[in-house]
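As given, the protein sequences belong to chains R and C, one line each in that order. To convert, take the position in the first sequence, counting from 1, and add 922; that gives our numbering. To convert, take the position in the second sequence, counting from 1, and add 1111; that gives our numbering.
Worth flagging that the hints you see were computed from the coordinates, not collected in a lab. Careful: at least some of the hints might be erroneous.
[Claimed, not checked] Below, simulated EDC-like cross-link-like pairs (lysine to aspartate or glutamate); rule was C-alpha separation at most 20 Å, straight line:
1. C/K1131 x R/E1100
2. C/K1131 x R/D1106
3. C/K1131 x R/D1101
Predicted model, so just to flag it, every value in this text is computed and none were measured.
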Amino acid sequence: MKRVNSFRRTLFLTLFMILLTLIFLFPLFWMVVTALKRPEELATYPISIFPPQAQWIHFQQVLFTNEVTDFFGGLRNTLTISLSTTVIVAISSALAGFGFARYKARGKNFFFGIVLATMMVPLIIMQIPQYIIFSQLGILSLPWPLCYMPWWLTAAPGWAIFIFYYRQFFASLPKELEDAAVIDGCGRLRTFWQIFMPLAGPAVTTTCIFAFQWTYSDYVQPLLYLIDENQVLAVKMLMDVKIPGVKWNLPLPPIPYQMTVGIFYMVPLVFLFFAAQRYFMQGIATTGLKS
Amino acid sequence: MAEVITATTIKPKPTGWFRKWLNRPGTAFFGFISLWLAGIILLQIFPLTTALVLSFTNFNGFNLEAASFIGWSNYAEAFKSPDAWFSMGQTLLYCFLSIPLSILLALGLAILLNQKMAGRGIYRTAFYLPTMVPIGATALIFKAILDSNTGFLNLFISIFRPGTVINWITDYGIFCLALMSIWACGARMVIFLAGLQGIPEEYHEAAMIDGANKWQVFRHVTWPLLTPITYFQCMLAIIEGLQMFIQAAVLNQSRETTTIWNPSHSLLVYPGYALQQMMSSQRFGYGLALIWILFIIVLIISLTISKTSKYWVYYAVEQEGGAKKNE
């Protein structure tokens, strides 16, 4: 009797989980079927779920027809920003985190309090004043790739959440490491770079992954700081897609083309996620790192 | 072992005041955090104070030399403006809808996933995947689902009520935004899941032996141990919720709009209103006043929550201390 009950419970639970999974994945499915429809099909009512003829040509057009969209230009800009920012932020946050973890000084707790406090300040409140400063300094009208200076400047001090993360990590390493390095005549920067950084592999990986994800998906800063051909994929996707032979006076491309660019835009992140799933889950679980 | 001791004793003694200063741990500390410190001062404190000063002027984005102080009138206007009140109401409505629902859903999913079952990894991946979708793409997807003519939602409702054409985005904009944030509750779920897995199994067993049923175990064992995580999540969610605007801006993009900075009425949230005033109407002084008001609201809310936290957040350390006193 108990066995039957437990079987029914398992069956019910499995069906329920599958239903939930389908609900969560449905928007992604809808994105793909919409990308495969003809623009005209979206004007008929009622619309069909599956397109009568899947328009795989959209994928080809978006990628390889230069008149359609400057997809690779946008991708190049997005990757330039996210990769350079990731490298800078991973190193600079480690520097500060190392200082907080390994050295005693007066006022250390006060400064660490500031680190924690800056984690709580809404980004948008900083970004607008920063935007005004950058635009007054003329940074925003620099040529490629110097126009990405705002990212590098804000990455150079390190990001609070990563400083916090590195501090936890470095504080867990034994004191003897440093002593041994000092005995061998190793300077402090070298101790940091040649002894502690190689040991911080997992922390560096987690930081890099999250920094990359956040800069890659960021929408606000590109909108504020960038124009025209320097613009990232995310913004180009909504404004810049041109289709040969299709004319519209307004800034938006037909929905299927937007969806196609959107799919291409998502794919690198989804791959990254599957490749580094373990780091994502650990990073979130241990520090609450989160977009 | 003996070698180590000898080695320590022959450590070269620093000579000269500069060397001595360089060898102090305090110097090293400030050396390592110097980049961060410079960044905080130049890129956060300086812009914020500049913004505060500019919020008392009629700065329009270009006339920095010619801008003049106009006292509190930007702030006075903000408190009188019907749009500011309306957009703040929208932002609060968004917070009240999205935060409790997404936190409850995340908790529920985490509890489900915390059980032993086949394919747990697959479900976890599926629930987490939406958080990997960049925000611009999320908005695109939901535009396609919620569209009045071609969206899936109306198609689905039409099965039960043929001919349904509801303008979700223009009539229920805030609900659409809340739906988007609920869809991406996976990161919260992972945090809850980690918290659940950190609770020792013995606690549950002990409670079960004492005759507690499942609900009682959750209510009196699991939930108290999860409150610190819930507290942290609420805090972050409120900060995120109050500054949400980019989703609204992207959702708002349609064939009729020419700029992203002009949100339609149903999608007008407070930060969006501030940005519209700055980027579209060139009223930077007023916009910065709006931003500063938001900053103060965020401060007040976070302080209030952290002050009330002692009434509902369970801190194991405090409780252990109390138990020791009783012994």
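Right, here's what the structure says about each hint:
1. Only pairs whose Cα atoms come within 20 Å are accepted, and C/K1131 paired with R/E1100 is accepted, the gap being roughly 18 Å.
2. Simply put, C/K1131 and R/D1106 have alpha-carbon atoms about 19 Å apart, close enough for the 20 Å limit, and the pair holds.
3. Taken as a hint, the C/K1131 and R/D1101 pair is honoured in the structure, with Cα atoms around 18 Å apart against an allowance of 20 Å.
Consistency with the previously given hints is maintained throughout, with no hint failing.
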